[in-house]
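Engineer: Letter by letter, the chains look like this.
There are 4 protein chains.
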Amino acid sequence: MSYSLGDKFKVTVFGQSHSQEMGVVIDGLPAGIFIDKSFIKEELNRRRPGKNAYSTSRNEKDEFKLVSGIVDGYSCGAPICGIIENNDNRSKDYSNIKDSPRPSHADYPAFEKYNGYNDIRGGGQFSGRLTAPLTIAGAISKDILKKENIFIASHIKSIYNINDKKIDISKLEYNDFKNIREKSFPVLNDNAGIEMIKVIEDAKNNNDSVGGVIEIIVFGLPVGVGEPLYDSIESKISAAVFSIPGVRGIQFGMGFEATKMFGSEHNDEYYYDNGKVKTKTNNHGGAIGGLSTGMPLVFQVAIKPTSSIAKIQNTINLKEKNDTKLEIVGRHDPCIVPRALPAIETITAITLLDLMMLGDFYGTR
Amino acid sequence: MSYSLGDKFKVTVFGQSHSQEMGVVIDGLPAGIFIDKSFIKEELNRRRPGKNAYSTSRNEKDEFKLVSGIVDGYSCGAPICGIIENNDNRSKDYSNIKDSPRPSHADYPAFEKYNGYNDIRGGGQFSGRLTAPLTIAGAISKDILKKENIFIASHIKSIYNINDKKIDISKLEYNDFKNIREKSFPVLNDNAGIEMIKVIEDAKNNNDSVGGVIEIIVFGLPVGVGEPLYDSIESKISAAVFSIPGVRGIQFGMGFEATKMFGSEHNDEYYYDNGKVKTKTNNHGGAIGGLSTGMPLVFQVAIKPTSSIAKIQNTINLKEKNDTKLEIVGRHDPCIVPRALPAIETITAITLLDLMMLGDFYGTR
Amino acid sequence: MSYSLGDKFKVTVFGQSHSQEMGVVIDGLPAGIFIDKSFIKEELNRRRPGKNAYSTSRNEKDEFKLVSGIVDGYSCGAPICGIIENNDNRSKDYSNIKDSPRPSHADYPAFEKYNGYNDIRGGGQFSGRLTAPLTIAGAISKDILKKENIFIASHIKSIYNINDKKIDISKLEYNDFKNIREKSFPVLNDNAGIEMIKVIEDAKNNNDSVGGVIEIIVFGLPVGVGEPLYDSIESKISAAVFSIPGVRGIQFGMGFEATKMFGSEHNDEYYYDNGKVKTKTNNHGGAIGGLSTGMPLVFQVAIKPTSSIAKIQNTINLKEKNDTKLEIVGRHDPCIVPRALPAIETITAITLLDLMMLGDFYGTR
Amino acid sequence: MSYSLGDKFKVTVFGQSHSQEMGVVIDGLPAGIFIDKSFIKEELNRRRPGKNAYSTSRNEKDEFKLVSGIVDGYSCGAPICGIIENNDNRSKDYSNIKDSPRPSHADYPAFEKYNGYNDIRGGGQFSGRLTAPLTIAGAISKDILKKENIFIASHIKSIYNINDKKIDISKLEYNDFKNIREKSFPVLNDNAGIEMIKVIEDAKNNNDSVGGVIEIIVFGLPVGVGEPLYDSIESKISAAVFSIPGVRGIQFGMGFEATKMFGSEHNDEYYYDNGKVKTKTNNHGGAIGGLSTGMPLVFQVAIKPTSSIAKIQNTINLKEKNDTKLEIVGRHDPCIVPRALPAIETITAITLLDLMMLGDFYGTR
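In the order they appear, the protein sequences are chains A, B, C and D.
Note that our numbering has the first sequence beginning at 594, numbered continuously upward.
Note that our numbering has the second sequence beginning at 594, numbered continuously upward.
Note that our numbering has the third sequence beginning at 594, numbered continuously upward.
Note that our numbering has the fourth sequence beginning at 594, numbered continuously upward.
Next comes chain A alone, as it looks inside the complex:
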């Protein structure tokens, strides 16, 4: 079903941008797992807006409560439900778009799909705000993966035409990434980061927006996670990643660049490194045939420029069935890349934990 992710570790999200509450139901967790609320809080803070000049000034507190599934701090085997109340809902901001779909938002197809009954306030069920409750499940997943020595790192690879330091995916080291999580703007090259922020601020000042690319690296995955064909590690991750609003592409390892390489260049030869099987290069990005190979899993995600811009745009009036103009008021991120980054990490963590459980790398006993 559309709002549930995972086969054995199952995460169901509910809520809309402006519903009274949003939440997540986490089913399939073993009993006896310590649920670290402070880490959940920390992760929620990473995606929270209003922290700086280049994101929306909306004040989303994202205070959460865990209302089920936990006894004395430990999971009890029943589903954990985490809930976030929606407080700062200025629904009046959206009154003018009721009949005038915002360009490149889901408003129009949703209007058709739901016969006009969809929740238009704040993007309703299509809002990126649903990644807030999802983060609760992501934090719990990351915590478990960490105990299995699996780490999910990420950085902003590019914003518009500004690139972070280029990574050689064949020479990835965990140490290069372990501190990036603490940065307010997660790039390897902070000077590039300053330029990126400048680009975002310029876009905002121009009533415009920009996009960018996020790169994810997973260290420590055992060999063989993922299943052939439809539950391949790339299938599962890509499906999950495309559920995050604004994603337009994903590539693993050398991705589209691989199409411009000869097989003899792209193939990754095996060798023994102190008894451990490795590949000399990592053009495959850690996954072959849908299975993890033990090399770091690497993929990049394209995020489009924010669709909500303050410029006046052409659109239609669905009631009067004619063309019209629209000015979107309200507070919007001029660039969602920094906030999409923890969401992509989150969905990656949930998906990998599910695949670990499906493949019996991690279990309830």
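Simulated from the structure, these hints should not be mistaken for lab results.
Check the hints yourself; a few may be wrong.
[Unchecked claim] With beta-carbon atoms standing in for the labels, derived distance ranges:
1) Y865(A) to I787(B): 40 to 46 Å
2) E656(D) to G813(A): 35 to 41 Å
3) E656(D) to E920(B): 38 to 44 Å
4) G813(A) to K634(B): 47 to 53 Å
5) E850(B) to G868(A): 40 to 46 Å
6) E635(C) to E858(B): 52 to 58 Å
7) K759(C) to D795(D): 27 to 33 Å
[Said to hold, decoys possible] Derived DSS-like pairs (lysine-lysine); straight-line CA-CA distance at most 25 Å:
8) K853(D) to K853(C)
9) K740(B) to K630(B)
10) K912(B) to K869(A)
11) K853(B) to K776(A)
12) K912(B) to K873(A)
13) K758(C) to K853(D)
14) K776(A) to K630(A)
15) K873(C) to K691(D)
16) K873(B) to K904(A)
17) K654(A) to K658(C)
18) K791(C) to K853(D)
Fair warning: this is a prediction, and the values are worked out from it, not measured in the lab.
Glycine is no exception: its CB is placed at the ideal position from the N, C-alpha and C atoms.
The hints should help you fit chains B, C and D onto chain A, whose structure is shown.
Structural biologist: Chains B, C and D in isolation, oriented as in the chain A frame:
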């Protein structure tokens, strides 16, 4: 489950490259659908190898039989099982790779996952040959979609560094693509096609291989196909596409290019065209918020260079636990792009039909 | 997954008997359905305890809120989450059973399954109290079915050895059942009801408990609901019904009695009744081959005597690993049959709506 | 989906009674399992008809082949497909029933559901013959369970009004059942068996049929198999069992009898037996709260009298829309209980293996 695709229209594949038989079980089809065997044959021929200089000389006849689910030519509501017998299995070709995993093939992670019990012959359960029975389901799906006025077109967008005629995704016309299906090498610019074939043949002569990019365009999808979040049209299609061997990336609409555009450039404004809602541009590629918008659905798929090359390569011996060299003998496609193209079409057709059924655009009553 | 019911109409429950909140997430409902809160309240009241002498004196208010999925009273296509807060949790009542599993409760297998981390308070995740949030989903389902002219009726067929008026399942009339829903003790023969209540009260006075049989009749199902084999109407309903605590058996139509009939007696002959196909008898109980036949669907459910009794019982001490005695204190229903009845109705309604949607008898468009 | 059973261990059936082939696809088995073909053959023989006077004289050879998923006798991780060809299809036998639905067969609801396109020959997709390919999956499942010291025993508890020796479900011993599997008519009391056969033969001579009750006992299940609520062991088994044609009821432990017991009688007290937790009685039948308790799992299944009888019956003509008479010719079992017994065992084995895998009692690593 790993070998089953779809939620309401469910397609289960069985077989390995060299198993006695391969097949597909198709569940969820309405009763009373005429099953066009000649169209299935036609589709199987499109992906069959051995048709030209640039593909493997293996003689896979791919003769199929439909052994259940059909009475007097029409579906009866029970699952349809299509079976292809494997005849031309030169299993001896693979004897030398039993302990020496081929670079960039699934051999090594599969060895670990299955404790050495996986089928090594011809790539076993990881072989692209499984797309043959899948094609049976794809042909039936395409036939149904066609009756709903939905058409899936495709072309080879690039091979190595040679590009087909560039398409403006904002000005897609079905007529430009309706004849491409008949071409032995499906490109819009036949001169570019000749160059591409030359690149492939050169690679073959160098004991090497090349990859490329496939572009898919779907005309005629109604508005609202796809579900929010995890059953988004991009999620479902990307998951399906990554199950095809060799896929390394996928992007919708402007994809990674979108990250270098401003919102004001990337946004697609709505207008009425003779009472029909359209967007002036189609940078979104026909899908927003996981839902189809009524504009043509466009996506590109990156296919890596064939991993099997005749050059001698470094690898390891898993039994002796040391480094060694490997020469892959046998008959391999120097480029799988032309044969991946109908497979990508097939999996797209199956996925879209499933989403149509999930969203009640098509049903059994 | 264990806490989610349904394939297309999906109902996920969370919470334990004494968790801070319990709730239900309802996914798959069409947009534009009016959600009748007063009917939900009415249904919750039917299963609420503390209304009379023969049920527990616990004061469960079961006040609910709907926190998502609804805009201006109508479903918006996003999941509806209904939440019930737990107020009257006297957790101290359960302190003595932490190491001493209560006979015929899930305490012991749960202790083993969850390594002692399961929630012991009030039965935790195994409590019948989880049928409270489920009732929210059931009420919404019943409301939809009602609009499709489908009605679920039920009565207490027996308590201990006292039987309600015997029903001829071949002569079922909706009018005979339409008022039974209003009764505080839903039997056809109120004198039998008085005797049943007496049996329950006697059991209570003896620190004991009793069970009984519930009969469900569904009027108005169209022909062909249900799928062959594993999604048969009997498969789906029985699976759902056995999720209700205390259920020990289910039979459709003549059920176990059918085994003592000849085929010539049991077979139901077809005839035309004013152009409508009917069977002269209804020994099949409205379902053949997993499909509804258009005749009333009839099944009976066996409910065991409440496991919590005030008598001192033998049990073990799991910590000390020896035999011991246990006195269960607290407030318990001496008979759960009256409260199980709306729960069985609820789960039947949810299951039938899901099957209607799976079989395209009801959809989102 | 309707033809697939299981969540982690997934068994998909295809075929109709008279389709060219019938088969089963078995997905989720670990690699490295020896597949014992002779045991599969043995199990197929147990359900094969034509072995004696009281079953149909149809000659179904049920020769099978395993066409995928096996290398050198061991599972390779890919789905195993088992196929049975249909040879003895006297389709002409069914010509007269095309428009005249047979009483108590699925003909009529199937006609409505599939708009007349369903396969009428031999009951089509509703035929008990589909339990033949299922038996292949069942034999493999039983073999695995046996290695885990889990044994599924069964006997015919009654035919019409003749009862086998009554079993005390609180004193079940594996030794009492270990030889019953070899019997041609599996009862504990062979004299009762002779009477039962007489009843069946009498029914046959009267152009009639009879039903009966099957009892299943599972020895050796570990504690905690099954999941709360919707994946309870009773939910999963009952759903699977109702997919077998002719089943009308199921009860666990004391079942419907429990409704006539006081709680103090029905409750099963715990004690330590040489350090192992047991219950003094087994009225719960080995499952509480949906979880196995370590006591033998016991349930009974009601099988209706065969619907195909040679007596002339009243029915309707769907084309002419009037009442008519029908004489069913052909070869039918006067009692399907003896042949349903291995089918119920089979589906129980598949379901338990799936639950073992879901609960991480058995895995692929």
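Engineer: Assess, step by step, whether the Cα of K873(C) is no farther than 25 Å from the Cα of K691(D), and give holds or violated.
Structural biologist: Within the cut-off at roughly 21 Å; holds.
Engineer: CA of K776(A) to CA of K630(A), is that 25 Å or under?
Structural biologist: holds (21 Å)
Engineer: Mind checking the hinted window 40 to 46 Å against the Cβ distance between Y865(A) and I787(B)?
Structural biologist: 45 Å Cβ-Cβ, so the 40 to 46 Å window holds.
Engineer: Keeping to a limit of 25 Å between CA atoms, is the pair of K758(C) and K853(D) held or broken?
Structural biologist: It holds: about 17 Å lies between the C-alpha atoms, which stays within 25 Å.
Engineer: Verify the proposed pairing of K912(B) with K869(A), using a straight-line Cα cut of 25 Å.
Structural biologist: holds (13 Å)
Engineer: Does K904(A) sit within 25 Å of K873(B), going by the straight-line distance between their CA atoms?
Structural biologist: holds (17 Å)
Engineer: Checking one constraint from the list: CA of K912(B) to CA of K873(A), max 25 Å. Satisfied?
Structural biologist: OK: K912(B) and K873(A) at ~20 Å, within 25 Å.
Engineer: Between K740(B) and K630(B), does the CA-CA distance stay at or below 25 Å?
Structural biologist: Cα-Cα ~16 Å, so holds.
Engineer: Tell me if the straight-line CA distance from K654(A) to K658(C) falls inside 25 Å.
Structural biologist: holds (22 Å)
Engineer: Taking 52 to 58 Å as the hint, is the beta-carbon distance of E635(C) and E858(B) inside that range?
Structural biologist: Hint holds: Cβ distance 55 Å, inside 52 to 58 Å.
Engineer: Does the Cβ-Cβ separation between E850(B) and G868(A) fall within 40 to 46 Å?
Structural biologist: Holds - the Cβ-Cβ distance for E850(B) and G868(A), about 44 Å, lies within 40 to 46 Å.
Engineer: Are the Cα atoms of K791(C) and K853(D) separated by 25 Å or less?
Structural biologist: Holds, at roughly 15 Å.
The structure fails to meet hint 2 from the earlier list, while all remaining hints are met.
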